[in-house]
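Chemist: Take a look at the letters that make up each chain.
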Amino acid sequence: MNEWLISLSAVSLTSSSQQMLFNSVTFLLFFTVFFILYWAVNNKLNVTARNAFTIVSSYLFYGWWDWRFLSLIAFSSVVDFSIGLALKKQEKKRLRKVLLYLSVTVNLGILATFKYFNFFIESLTEFAQHFSVHLNSSTLNIVLPVGISFYTFQTLSYTIDIYRKRLNPTQNVISFFAFVSFFPQLVAGPIERASNLLRQFEGKKKFNYNLCIQGLRLTLWGLFKKVVIADNFGVLADSLFATSDSYSGVSILAGSLFFALQIYADFSGYSDIAIGISKCLGYELKANFRTPYFAKSLDEFWQRWHISLSTWFRDYVYIPLGGNRKNPSRVHFNIFTTFFYQYFGTEKILHSLFGEYYTDWR
Amino acid sequence: MRKLSLNLFYFLIPIILIIGIVPVNRRAKYVGLNDDCSSRGTWMHDRVYTNNTPTDIVFIGSSKTINGINDERINSALVNETVTNFGYCRFGRNLHHLLLRELLQQKQPKLLVLEIRESENRAGHPIFPFLSESKEAILPYPFFNKNVLKDIWRHLAYKVELLQEAIYSDETIEPIRSSNFGYLRVPGNANLADLNKNKLKMNSCKDKLTEFEENFHHHFAHHYLKKIAALCKKKKIELLLLNLPSYGNNRTNNQDFIRYKDYGRILLPPLEILDNQTNWFDVNHLNEQGAKQLSDWLSIELSAVIINN
Amino acid sequence: MKLNKWLAWPLVMGLVVLFWIPFRAESTSHLFEMTRSITDLSSYSIGTISTAIESYSMNRFVALIVVSILFLAVEWNMNLVNFSNWIEQKSNPVRVMNYYALLFSILILGNFTVKPSFIYFQF
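Just so you know, the protein sequences line up as chains S, R and F, in that order. Under our numbering, think of the first position of the first sequence as 635, with each following residue one higher. Under our numbering, think of the first position of the second sequence as 7, with each following residue one higher. Under our numbering, think of the first position of the third sequence as 59, with each following residue one higher.
Be a bit skeptical, because a hint or two may be false.
[Unchecked claim] In silico EDC-like links for lysine to aspartate or glutamate, alpha-carbon gap of 20 angstroms or less:
{"no.": "1", "chain 1": "R", "residue 1": "LYS113", "chain 2": "R", "residue 2": "ASP62"}
{"no.": "2", "chain 1": "F", "residue 1": "LYS63", "chain 2": "S", "residue 2": "ASP933"}
{"no.": "3", "chain 1": "R", "residue 1": "LYS9", "chain 2": "F", "residue 2": "GLU146"}
Just so you know, these hints were derived from the structure itself, not from any lab.
With the rest of the complex left out, here is chain S:
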């Protein structure tokens, strides 16, 4: 019997922890209960109570992975909410800059610590060994919080937009916490801007049948992409890349083609489900993919792949660094930075690249 079935039943002799993925039964139950209660309380209670309920549910969703992650997201929310309010009151340019740097340092500090600390420590330990210095790295193992980049970028964009006076900070801490922790897009995006999502938490909502049907359609499509396309091609790609001893060029190319289909269907399927279930709750999220494999140039591919991240880099990295919207190098810069970040995201690869480098050097 398959593992997913065993985990559903008392037949299992070993209890396995269930991640609350969109394609899991746990999530189906969670969302069904949430959906019914959400619209039930929506009619009875005010906006704040509805958002408070959304926060509690989102924290439950996130805590399902590891409850310790909750302190990070709460801390990140408190910092950016407070800095947002302080920026509103502060008119002095220098102090505003200090506040911005504070937010950037805290957010990127958390991100760097949790995402790259292990990598740097392990690299340092290896490097130190060349000089016969033995560091104990086993005590420094840090668990990577799920989706930390997504909400870090989201909160950063909030502060930067306020600093640039393009956004008024919210006075409502409940709305802000709901915006940061909104469970449909918390762990895998799309990375939302406050100008789009935060304001949606501040108004009354009325159940919209047509919007909900649109959401269910997208959810079904996303589920199909994830469970049928991604998870099947994933098995084939793994199997082809696993036989490294007998590599033939054609098996690498086939493996890579299957992986390309897997990664696209996996990520865009997840985004479709996120957008779909948000619609069911009355929220509109930005599109994250627009059939990128049918792009007719690399520039166009990039404009259609992980749109929320590439536009984030465009708005908060490239333009502040002096980029010109009319300059074609903009696109190339976006490609470079975003893929560079994604390469960093696959920490294992980078580590092994450096690890190998050290081995070769030694």
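Starting from the structure of chain S, add chains R and F where the hints point.
Modeler: For chains R and F alone, kept in the frame of chain S given last:
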């Protein structure tokens, strides 16, 4: 919201009906449980459907039956009868009813010895939804099985998995073992401290249910017990209820068994066997020595029943 | 240089497919080894592919390829709109047929045996 619920309901009903109607191979259902209970499901299926040896006396129950009843030993003692231990890990009367029905499709047992213990289960057996027919799984007896919705889901999900296997796989699963007997020997002795602790727990009154609670919590189990008793009566099978308690149950309160008297004769193993601490593998299961003593006692009891019949 | 769209998209997709290869490399030497294999035409044999497909199930692979072609055809047809907006333009019976086709594909071809994972959670 009402429109959405109705449309979703109408949309999903054909899917559920199709999954329910499409037949799946019966053996595949048992084979799918090979990771559970020492692959006993496949053996049970093959013992009923492919092994032509008759099953005159059948034991049905939980792992207490598996480890406590040495059917081969009883079989040797009762020369003219074939004895089979059809115990399956964990407890649930709906599974016992299903196993009896499956058995009756191929065999004509004369005696059914059904395990009873301190208390019935509040829910059905966890593997029942995997083995049952869709009609029974999707429209189950609902009062008051606390896992009713979970069981429907399990059945549908398992059926989808079996359908995928039927479409894509042509692998044949060979019989796990071909023995006529289902007893599983467990050597070794229980920890004495555990046994003593369990004895104290067993005889404390705090866990006892009131009559109302008993009727409410165990209604589902008794519903199936009644069905088992009725089926036995219809097929002229004598139903015996064998008490297999955990260690330390002094059986001071025989009221516990009154509710079973309508179903059949109750067999209470001697306390000399049950109280002997060297007869236990753990607080719930007899070891090899305990099974031997219990089976010898049962051989005498069953001989008497056969002679009387 | 402007390429014909029928030439452009396979070219872009081919480049992207090649681009993903380093993501599967476990080390620099592994990456070099893979690059060497791709450029070495004499290493081209379908042995490893057929072994991988057989261990996965040939019937299932054929079904997956058929469904994937249909999936890519829908994606091509969708162009820049999302699935919901695309299907909304279809007639009612076509819509319902599509929903059931998706649901049956999930049930009959969905892979529920893999351990739940999501590539971008490490992002």
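Chemist: Against each hint, give a clear statement of whether it holds in the structure.
Modeler: Okay, the hints, checked on the actual structure:
The straight-line distance between the Cα atoms of R:LYS113 and R:ASP62 is roughly 8 angstroms, inside the 20 angstroms bound, and the hint therefore holds. The straight-line distance between the Cα atoms of F:LYS63 and S:ASP933 is roughly 14 angstroms, inside the 20 angstroms bound, and the hint therefore holds. Only pairs whose Cα atoms come within 20 angstroms are accepted, and R:LYS9 paired with F:GLU146 is accepted, the gap being roughly 18 angstroms.
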